[in-house]
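Listed in order, the protein sequences are those of chains A and B.
Take the working numbering: the last position of the first sequence gets the number 118, and nothing is skipped along the way.
Take the working numbering: the last position of the second sequence gets the number 274, and nothing is skipped along the way.
Rather than coming from a laboratory, the hints here were simulated on the basis of the structure.
Using N, Cα and C, we set each Cβ at its ideal position, and we do this for glycine too.
Heads up, some of the hints might be wrong.
What the hints assert, rightly or not - With a straight-line cut-off of 27 Å between C-alpha atoms, the simulated DSS-like cross-links for lysine-lysine are:
#1 K85(A) / K120(B)
#2 K85(A) / K45(A)
#3 K85(A) / K149(B)
#4 K194(B) / K85(A)
#5 K228(B) / K75(A)
As the list claims (entries may be wrong) - Among the chain A residues that face chain B by a calculated CB cut under 10 Å, a handful are:
#6 D19
#7 L21
#8 Q22
#9 M55
#10 A56
#11 N59
#12 M82
#13 G83
#14 A86
#15 R97
#16 I101
#17 P103
#18 D107
As the list claims (entries may be wrong) - Sample of chain B residues at the chain A side, in silico, Cβ under 7 Å:
#19 L202
#20 I220
#21 P233
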Amino acid sequence: MKRGLIVDDATVMRMRLRDILQTRFEVVGEAENGQRALELYAQLKPDFVTMDITMAEMNGMDALKNLVARHPEAKVVMVSAMGQKAMVFEALSQGARDFIIKPFDPDRVVMAINRLFD
Amino acid sequence: MKVEYANPFVIAAVQTFQKEVGVRLSRKDLKVKDSPVPSQALSIIIGVTGAVRGQVVLSMDENVAMAVTKAMLPGKLPVELKKLINSAVSELANIITGQASILLAGDHGKIDITPPAIISGGALKMDFLNLQTICLSFLSEVGTLELNIALTEGHS
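Can you make the complete structure from the sequences, with help from the hints?
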């Protein structure tokens, strides 16, 4: 079973993503900001990461850049309300594999993670 | 403040409430104020920078906040939901502002938002920016809410 790390500053969103993901995957950790995500990634070595953008400490875009620089194999799916074209383009060009705009359908999340391993 | 900045927030609020809370919002009224000071018990403040800049303050009563939390976390007990109200309404404000910023940014602009800050209770006094504000209020089956939009042109 593929192992995932959820990164989002909102507790409710982490709980919702956990509920959705753990039907098909193993959720091995949750981080509330980008800095914590980098620490947990190094420690847990998950197969995939869901990454919010608007967070204190370190935002998701900076965390993505850092994560991909340190771990080029990292599979990151952005999950954010900041779905402007410029943001989506920046995230994908920085190495994100997909971009899910909030509010989302649970099926869209599962499909995006499944596609990472096709 | 340009009135056209308000329309994306109306669209985003109505769509987000329908999708996340399963509740239909209808517009009550629109007022112009000198600052985005909210009027209800629970308020979430989000800063906006980039192509437009300023503040957006979503304000609601406790019944609406509880309904939002319950809808976002179905199956949780009331005691658990109470602890998660701030997180749920902050996320709702984040989604509404994020959705509105997609419409405001269009094809070429870029808008960033700050993580939400929450204020509750009547005792706290805060100074808000003196910025012409459009205050939109909405009615719903779970109560009323208010969106204070204080934005000016920024830079892309």
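Structure-based check of each hint:
no. : hint             : verdict
1   : K85(A) / K120(B) : holds, 23 Å
2   : K85(A) / K45(A)  : violated, 30 Å
3   : K85(A) / K149(B) : violated, 32 Å
4   : K194(B) / K85(A) : violated, 36 Å
5   : K228(B) / K75(A) : holds, 25 Å
6   : D19              : holds, 9 Å
7   : L21              : violated, 15 Å
8   : Q22              : violated, 14 Å
9   : M55              : holds, 6 Å
10  : A56              : holds, 5 Å
11  : N59              : holds, 9 Å
12  : M82              : holds, 5 Å
13  : G83              : holds, 5 Å
14  : A86              : holds, 4 Å
15  : R97              : violated, 20 Å
16  : I101             : holds, 8 Å
17  : P103             : holds, 5 Å
18  : D107             : violated, 14 Å
19  : L202             : holds, 6 Å
20  : I220             : holds, 5 Å
21  : P233             : holds, 5 Å
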